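**Student:** So the protein sequences, as listed, match chains U and W. Going by the numbering used here, the first sequence opens with residue 1040, and the numbers climb by one from there. Going by the numbering used here, the second sequence opens with residue 94, and the numbers climb by one from there.
Worth flagging that the hints you see were computed from the coordinates, not collected in a lab. Only a predicted model underlies this, so the values are computations on that prediction, with no experimental measurement involved. Heads up, the beta-carbon is just placed ideally off N, CA and C, and yes, glycines get one too. The hints are all genuine.
Residues of chain U placed beyond 12 angstroms of chain W at every Cβ, according to the derived structure: (1) Leu-1141; (2) Leu-1142; (3) Trp-1144.
DMTMM-like, lysine to aspartate or glutamate: derived pairs with alpha carbons at most 20 angstroms apart: (4) W:Lys-129 <-> U:Glu-1132; (5) W:Lys-129 <-> U:Asp-1137; (6) U:Lys-1131 <-> W:Glu-188; (7) W:Lys-268 <-> U:Glu-1132; (8) W:Lys-267 <-> U:Glu-1116; (9) W:Lys-267 <-> U:Glu-1132; (10) W:Lys-235 <-> W:Glu-249; (11) W:Lys-129 <-> U:Glu-1138; (12) W:Lys-129 <-> W:Glu-188.
Here's a subset of chain W near chain U, in silico, CB distances under 7 angstroms, partners left out: (13) Pro-131; (14) Val-157; (15) Tyr-165; (16) Ala-251; (17) Gly-261; (18) Ala-262.
Each chain is listed here by its residues.
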Amino acid sequence: MEAMLHISTLHYLVLGAALFLLGVIGVLTRRNVVIVLMSIELILNAVNLNLVAFSRLWGGVHGQIFAIFVITDAAAEAAVGLGILIAFFRNKETVNIDEVHLLKW
Amino acid sequence: MAVDTAFNMAPVATPFFFYMLSGIMLIGGILVITRKNPVHSALALITVLLAQAAIYLMLYAPFVAGVQIILYAGGIMVLFLFVIMLVNIDRAAKERTFNSQWLVGSVAAIALGGLFVAVYVKGGNIFPEHALSVIENDNTQKVATMLYGQYMFAFEIASLLLLVAIIGAVVMAKKRI
Chain U
1040 MEAMLHISTL
1050 HYLVLGAALF
1060 LLGVIGVLTR
1070 RNVVIVLMSI
1080 ELILNAVNLN
1090 LVAFSRLWGG
1100 VHGQIFAIFV
1110 ITDAAAEAAV
1120 GLGILIAFFR
1130 NKETVNIDEV
1140 HLLKW
Chain W
94 MAVDTAFNMA
104 PVATPFFFYM
114 LSGIMLIGGI
124 LVITRKNPVH
134 SALALITVLL
144 AQAAIYLMLY
154 APFVAGVQII
164 LYAGGIMVLF
174 LFVIMLVNID
184 RAAKERTFNS
194 QWLVGSVAAI
204 ALGGLFVAVY
214 VKGGNIFPEH
224 ALSVIENDNT
234 QKVATMLYGQ
244 YMFAFEIASL
254 LLLVAIIGAV
264 VMAKKRI
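Sequences are here, hints too, so could you generate the full structure?
**Tutor:** Structure follows, in structure tokens:
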């Protein structure tokens, strides 16, 4: 019980792993493309949490700078992904990800 | 200076705040992946991002917390909400929630979860207990020194990436190129 009371780095890593798992489940099982993109943002946030936790553990701000770059990259990817979503919706009139099946055998 | 010493208090009630914030984040994450209405999922994701900014504050990273609130919760999620409003969600509310491969996806995710549990149970004691380091109040200065000094090249590449993303998003969403 007292191992759970002292918050160490492992607590933050387990929280990051749990968020990563939720994001992976969202990407793999949801039908709506917008929810899939939001689950990708959950995954990126889990990675950011790991980075900042390690930056706190080892001192220095390298992990935080990496996290800032990950946030920048997530913004760029969300913008392009949502642009693709708009083009996809204009083409097929639906946001169902099962409609993207042209490469299926 | 009185202002400097006023902020250098020892942290208080850390386990309570950690468990409360992690509970908010996990419940919000579950709401993101299970709600039928995408607006509800977006609001749950905003909650997760704000709780994560609070966890960054617990990890003594105030600059990343500020960037998270301003950029992520205030920029990216607003963009998501705009696109959700643009896309017709009345038909999406009538369709089924989970796609045709939900079983395989869940099994794969559970396998990944088992892998995480194995890694953290076996190797969990490899991380040293960091001593309570000196509470610093120049985090932004340090981030700025590193960002414009050692990581200057990555900073310029990130600006180029944002330019390419802007052009890509405009071209993708245009009606005719």
